[in-house]
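A.B. asks: Read top to bottom, the protein sequences are chains Z and G.
Heads up: the first sequence runs through residues 220 to 521, numbered per the working numbering.
Heads up: the second sequence runs through residues 1015 to 1263, numbered per the working numbering.
Hints listed in this document are in silico derivations from the structure and should not be mistaken for laboratory results.
Predicted, not measured: the structure shown is a model, and the values here were computed from it.
Glycine included, C-beta positions come from ideal geometry on N, C-alpha and C.
Hints may be right or wrong, so weigh each one.
What the hints assert, rightly or not - What follows is a list of derived Cβ distance ranges for each label pair:
#	chain 1	residue 1	chain 2	residue 2	range
1	G	GLN1150	Z	THR241	29 to 39 Å
2	Z	LEU343	G	ALA1184	30 to 40 Å
3	G	ASP1136	Z	THR382	53 to 63 Å
Said to hold, decoys possible - Simulated coverage check for chain G against chain Z, where a stretch passes if three residues somewhere in it have a Cβ under 8 Å from a Cβ of chain Z:
#	region
4	1100-1108
5	1112-1123
6	1166-1175
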Amino acid sequence: MSSKEQGAASDDGGRASAFSKTWEPSELEISRRKVRKKQNQRKTLIAIFSTVVVLGTLVTLLVTSPGWRSLTDTFFAWAYGVEVLPKIILGFSTNVLLTIIASTCVAIFGMTIALTRTSRSPALLPFRILATAYVDIFRGIPMLLVILLVGFGIPALRINGLTNNVLILGTAAVVITYSAYVAEVLRSGILTVHPSQRAAARSLGLSHFQTLRFVVLPQALRRVTPPLLNDLVSLIKDTGLVSILGVTDAIRAAQIASSRSFNYTPYVMAAIIFLLITIPLTRFTDRTIRRSIEKQNAQGLA
Amino acid sequence: MSTPVLEINNLRKSFGDEVVLQNISLSVPVHTATVFIGASGSGKSTLLRCINLLDGIDDGVIKLDGEDITDPTVKSDQVRRKLGMVFQAFNLFPHMTVRQNITLAPIQVHGLSKDEANARADELLVRFGLKEKADQYPDRLSGGQQQRVAIIRSIALRPRLLLLDEITSALDPVLVNEVLSTVRDLKNDGMTMVLETHEMGFAKQVADEVCYLEGGQIVERGSAAQIIEEPQDQRTRDFLKRVHEAGRL
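Let the sequences and hints guide you as you build the complete structure.
C.D. replies: Okay, structure coming up:
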């Protein structure tokens, strides 16, 4: 295989181009191309036709429904939407800030839990038990409940020095829940690195920690980047849940605006703002996933 | 007579109820190669993993340069710094280039500067004809090249003893030779080594001592010519006959 590869590489310049000049497609190939072209045209036509029929039917159903007029008035009053937009954007900055702070904390906390759970040191046994219990509990409780419990429970303790700031408590609740999710993603990544990699590193004299840092984690993180990006998209959306504590984020701002006018357009505006961030991020995630699959397949072939 | 690099006395190793190695005694003087032959499952790989402290042992003593490395107070990382190990499946780090694979341990374990480590790596890569692969990732290399990089990675640490675990078993026959000639070069340099192989011709060339392992015990040992050409024990003869029939002799 090696000599073949080397051959192909070194011949790239000279022979490959010489080949392409002399080659003329055969009669058979030309006729096959004609058939293929016809087939492709047919497929394109079918795709256009089915798209027009399906989407057209849906839009027609929607627009001709008896409540369409009143629905557009209450949900798509664009003039009012633009009027309240600055407030919603201001609220959304809270979501962004919360996402940045929370994702940083989640990365640190989640990694700590994942490393604790995958360690084998006897000294860490109690922490391993705690970490397992933590993950089990907070992965199993709806995040809304965690936000309510933290947001209303901690102030109720009336411990001196503990904050009553709903923004901080809300962020803490988000961090608590997402750390449990992310810890599991990271742990699964660490476990997928084959033991032979560890054996190779240890037999080179690397310590347990060095093996983790230079061999295991870089491979693990590469593999779990797509699911982590997925979690980031969810995190951005879920920061909206802290509005239940009275934090003035995009959702809360929209709620205030809509309750003043009994018009739901502010909610639609908030939804659009979220989409402006989450759709590009989702596309980016999809691309990352596709690339990592391609890379894995390429490795499988090699 | 100086102390042998590796000395094993009455080694015993089991996994649960299954005894995989027993009564293994061995002495590997400096600059010599001891070759283990035997069927898969005869305990060959386990023996190397025990020497490398990747697996614990049940009983016996393993001495490296006269130091008992089975003493529980011995730090296994310190021992492994003196040992090089090459695996059947190469086990290169896929996220690092060839050069990074080779320099990782010299930099992190031996405290070499990056320049020193790179210089040492490049010197070895040039010597073994892999210079142009230095900045490539392992998945761009052929199996034979990967295994040669793995060998260079383990000797970049200048180990006292090199352990080679069926290093050509995962390669197609065409690529076996380039790897074996690398090992032959190292032997000529005076590297002390313990290896396992199914390549009897190669064993004859490099081995100072050949041990035939069956059922976790050394059935027969002696010079390469003695064991491979004129085996005395019936079990060794049967094994070599099977190898011969498989066309590997």
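A.B. asks: The structure should be examined with respect to each hint, and the outcome stated for every one.
C.D. replies: Evaluation of the provided hints:
{"no.": "1", "hint": "G:GLN1150 with Z:THR241: 29 to 39 Å", "verdict": "33 Å, holds"}
{"no.": "2", "hint": "Z:LEU343 with G:ALA1184: 30 to 40 Å", "verdict": "36 Å, holds"}
{"no.": "3", "hint": "G:ASP1136 with Z:THR382: 53 to 63 Å", "verdict": "57 Å, holds"}
{"no.": "4", "hint": "1100-1108", "verdict": "holds (count 6)"}
{"no.": "5", "hint": "1112-1123", "verdict": "holds (count 4)"}
{"no.": "6", "hint": "1166-1175", "verdict": "holds (count 3)"}
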